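**Student:** Protein sequence lines, in the order shown, are assigned to chains A and B. Residue numbers for the first sequence follow our numbering, so the first one is 24 and each next one is one higher. Residue numbers for the second sequence follow our numbering, so the first one is 4 and each next one is one higher.
No wet-lab data here; the hints were simulated from the structure. Treat the hints with care, since some could be wrong.
[Unchecked claim] When the alpha-carbon atoms are kept at most 20 angstroms apart in a straight line, the in silico EDC-like pairs for lysine to aspartate or glutamate are as follows:
| id | chain 1 | residue 1 | chain 2 | residue 2 |
| --- | --- | --- | --- | --- |
| 1 | B | 163 | B | 184 |
| 2 | B | 496 | A | 125 |
| 3 | B | 247 | B | 191 |
| 4 | B | 148 | B | 191 |
| 5 | B | 384 | A | 117 |
| 6 | B | 163 | B | 50 |
| 7 | B | 163 | B | 105 |
| 8 | B | 181 | B | 63 |
| 9 | B | 384 | A | 125 |
| 10 | B | 384 | A | 47 |
| 11 | B | 148 | B | 118 |
| 12 | B | 189 | B | 208 |
[What the hints assert, rightly or not] Quick list of simulated restraints, FRET-style, between CB atoms:
| id | chain 1 | residue 1 | chain 2 | residue 2 | range |
| --- | --- | --- | --- | --- | --- |
| 13 | A | 50 | B | 374 | 32 to 42 angstroms |
| 14 | B | 274 | A | 28 | 25 to 35 angstroms |
| 15 | B | 185 | A | 28 | 58 to 68 angstroms |
| 16 | B | 220 | A | 58 | 51 to 61 angstroms |
| 17 | B | 329 | A | 50 | 39 to 49 angstroms |
| 18 | B | 507 | A | 128 | 38 to 48 angstroms |
| 19 | A | 71 | B | 367 | 49 to 59 angstroms |
| 20 | B | 454 | A | 71 | 21 to 31 angstroms |
| 21 | B | 369 | A | 28 | 17 to 27 angstroms |
Because the structure is a prediction, the values reported are computed rather than measured. Ideal Cβ placement from N, Cα and C applies to all residues, glycine included.
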Amino acid sequence: MPVDQISEANSRIVIALRGEIDLETAPAVRKALLDNLKGGKDLLIDLAQVSYIDSSGIASLVESLQLARKQGHDVALVAVSPRALRVLELARLDKVFTIHADLASALAVNDKTAQQ
Amino acid sequence: MVATERSASAGRSPHDPLDFAAALSRSFAATRDVDATIRHALTHIVELMQVEAGAIFLTDETGGNLICRASAGPVNIDGLVVPQGHGIVGRSVADDVVLVVENAYDNEAFYAEADKRTGFITRSILCAPMTVGSNRIGAVEVLNKYDGQPFDDADQNMLKVVASSAGLAISNARLAAKLVEQERLKRELELAAAIQRSLLPPADDTLPIAGINRPMREVSGDFYDFFQTPDGIIAFCLGDVSGKGMNAALLMAKTASLFRCLGKTMHDPARLAGVLNREICDTASLGMFVTMVIGIYDPATGMLNFTNAGHMPPLLRRADGVTETFAAEAPPLGILREARYATQNLPLDRGQFFLYSDGLTEFPAGYDELGIDGLDRILAKQTDTRLADRLAAVLQELDETGGQARDDLTLLAIDDRLAAHANGRQMTAAFEDGEFLVGFTLISNPNRLRILRPALLAAATACGFETEDAHDFVLGAVEAVENIMIHAYGGGKTGEITLAMHRLPDGIMLRIRDFAPRVDPAKIQPRLLEDVRPGGLGTHFIRTVMDDASFIPMPEGEGNLLELVKRRRTGQE
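Starting from the given sequences, assemble the full structure and let the hints guide the process.
**Tutor:** Structure follows, in structure tokens:
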């Protein structure tokens with residue numbers, strides 16, 4: 024089960040992924056991300072429990088980011104493991120995504136819409 | 004109140020009491036020997052006051068009893084103890100007043116004990132308290148004027164001046180002595196710290212082991228040690244003594260010395276722990292104990308044997324990047340004389356083994372503590388070649404968080420990769436260069452990737468890749484297989500894919516074959532980096548993590564054969 028948990032906190036949707044995200048598991052991840060963007064909220068994707076991710080998983084992350092930005096929302100990554108970070112770096116996407124060290128600090132960032 | 008009887012002024016001393024007071028202060032300032040100065044001063048007071056006898060009493064610093072510290076006259080009463088508030092001297096001190104007694108034996112407060120013991124007969128008494136601020140230092144007492152006259156106002160004033168001067172001088176001398184004592188203690192602590200540091204083993208870059216210790220105060224309750232025996236085995240330990248300060252430091256020194264001495268002949272950590280435990284139980288002061296990991300490690304084989312006596316769990320970062328910890332199963336040393344210790348055997352297999360004190364895991368990190376996970380994350384990041392530098396970098400990283408250590412910080416590391424390298428030992432000893440390692444056939448169903456990944460990682464490790472590079476190899480290989488599944492077989496799940504891995508002198512070669520229609524290599528191009536569209540990313544990963552990726556020409560209808568080569572980084576083997 025690549026999608027471990029979906030919850031809502033501080034008007035953001037937190038999607039915790041788990042395990043290995045590859046060609047086999049990426050479709051479920053993609054669906055969960057795109058479905059949850061329909062709610063019109065920012066997404067936080069928790070990668071703490073992700074032991075493997077490759078281009079299939081990265082593509083899902085990128086697709087959700089593109090869609091979210093079109094809708095005026097954001098997708099940020101949380102607790103990126105060194106291995107997942109390595110893959111993001113290889114894809115030169117480590118600067119494209121906002122990356123938070125942990126969920127607490129991600130949620131501490133003020134809601135954009137609340138600021139405006 | 005004590006009855007006093009005054010008479011006309013009697014004969015005055017030839018000396019000026021003010022001169023005397025000044026001289027007294029000077030003599031106190033010039034000496035650190037308070038007792039000698041008191042005796043000297045009393046001799047002068049007796050002479051000045053023209054009396055048969057005199058004594059200086061000082062308040063004992065704990066109880067408030069008065070103790071005679073100097074006496075002059077026909078009998079010696081040095082050391083006489085007058086209970087608090089008793090006798091003329093006790094009253095004088097308690098009430099902070101000058102007392103004059105014309106006839107001692109008519110006075111109910113007179114403490115006749117001294118006369119009974121010495122045979123001296125006290126007639127008249129003049130006693131002045133020595134007080135500095137609220138601090139009751141003691142009193143000066145003089146007895147029996149030579150001329151037989153009672154003590155008069157002039158005598159009282161003179162003794163008052165002399166007593167307050169002496170009190171101030173004694174108080175100053177005591178403060179000075181206290182400062183000297185503090186300075187001496189500080190020097191001794193510095194010496195103790197230097198001796199402690201000398202108990203730690205010197206860094207030795209030829210060994211695959213290193214340690215670091217940073218005491219929170221001058222002296223540490225933590226310690227570590229390691230040494231190599233003539234047969235090449237490395238004995239090591241890391242311990243943490245309960246409590247802090249000098250008593251902990253002394254027990255630390257004792258335990259470290261015992262380890263170094265016994266460790267030279269005893270190569271079974273559990274037995275060594277048993278002996279240390281009984282020794283500490285028998286001789287350490289009650290309530291003190293030592294948590295400790297004791298072990299031996301053979302650099303030739305990578306085998307490590309250890310026992311954990313109530314200490315923080317050792318941490319093993321395996322070659323595949325997985326972290327394991329080993330909780331203590333036996334109590335600390337010095338608690339239960341009959342405690343049993345067991346040796347655990349742990350093949351390091353090119354892993355890294357860490358011992359640490361709780362000062363590290365309890366290092367403040369935000370609102371929380373660093374914890375074992377936090378420590379593991381920092382350890383995983385270290386890339387310095389020298390093991391000792393890696394340990395120093397860990398402490399530096401902690402410093403940079405701005406947190407303040409709440410305890411001694413001690414860390415010991417064994418890096419089996421260094422030993423494997425130095426000994427020409429490899430996990431791959433059974434594999435030969437150029438050898439075919441393993442082959443797979445799978446169908447193009449993505450769920451087969453789960454099975455494939457561990458085998459790819461194991462093959463890369465068998466070819467001598469470090470953990471991170473082995474994972475890169477897995478990524479590149481899986482991307483290539485996924486490309487075949489998506490592009491060559493177009494998502495169909497029945498196509499066949501075969502993989503074959505070879506060990507190269509400097510790395511690994513992976514050949515991946517499919518049986519789909521021919522792929523035009525020109526169409527497999529790395530994506531534009533600005534283009535985050537899914538698809539070309541996998542090819543980009545393959546080109547980045549592999550040193551070589553090329554299609555081997557195949558006859559029409561025979562499918563495609565992709566050859567991937569990844570080389571070890573130079574300096575790694």
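**Student:** Does each hint fit the structure? Answer for all of them.
**Tutor:** Hints and how they fare:
| no. | hint | result |
| --- | --- | --- |
| 1 | B:163 x B:184 | 31 angstroms, violated |
| 2 | B:496 x A:125 | 38 angstroms, violated |
| 3 | B:247 x B:191 | 16 angstroms, holds |
| 4 | B:148 x B:191 | 50 angstroms, violated |
| 5 | B:384 x A:117 | 18 angstroms, holds |
| 6 | B:163 x B:50 | 16 angstroms, holds |
| 7 | B:163 x B:105 | 17 angstroms, holds |
| 8 | B:181 x B:63 | 16 angstroms, holds |
| 9 | B:384 x A:125 | 18 angstroms, holds |
| 10 | B:384 x A:47 | 30 angstroms, violated |
| 11 | B:148 x B:118 | 17 angstroms, holds |
| 12 | B:189 x B:208 | 34 angstroms, violated |
| 13 | A:50 x B:374: 32 to 42 angstroms | 36 angstroms, holds |
| 14 | B:274 x A:28: 25 to 35 angstroms | 49 angstroms, violated |
| 15 | B:185 x A:28: 58 to 68 angstroms | 60 angstroms, holds |
| 16 | B:220 x A:58: 51 to 61 angstroms | 58 angstroms, holds |
| 17 | B:329 x A:50: 39 to 49 angstroms | 40 angstroms, holds |
| 18 | B:507 x A:128: 38 to 48 angstroms | 44 angstroms, holds |
| 19 | A:71 x B:367: 49 to 59 angstroms | 22 angstroms, violated |
| 20 | B:454 x A:71: 21 to 31 angstroms | 25 angstroms, holds |
| 21 | B:369 x A:28: 17 to 27 angstroms | 23 angstroms, holds |
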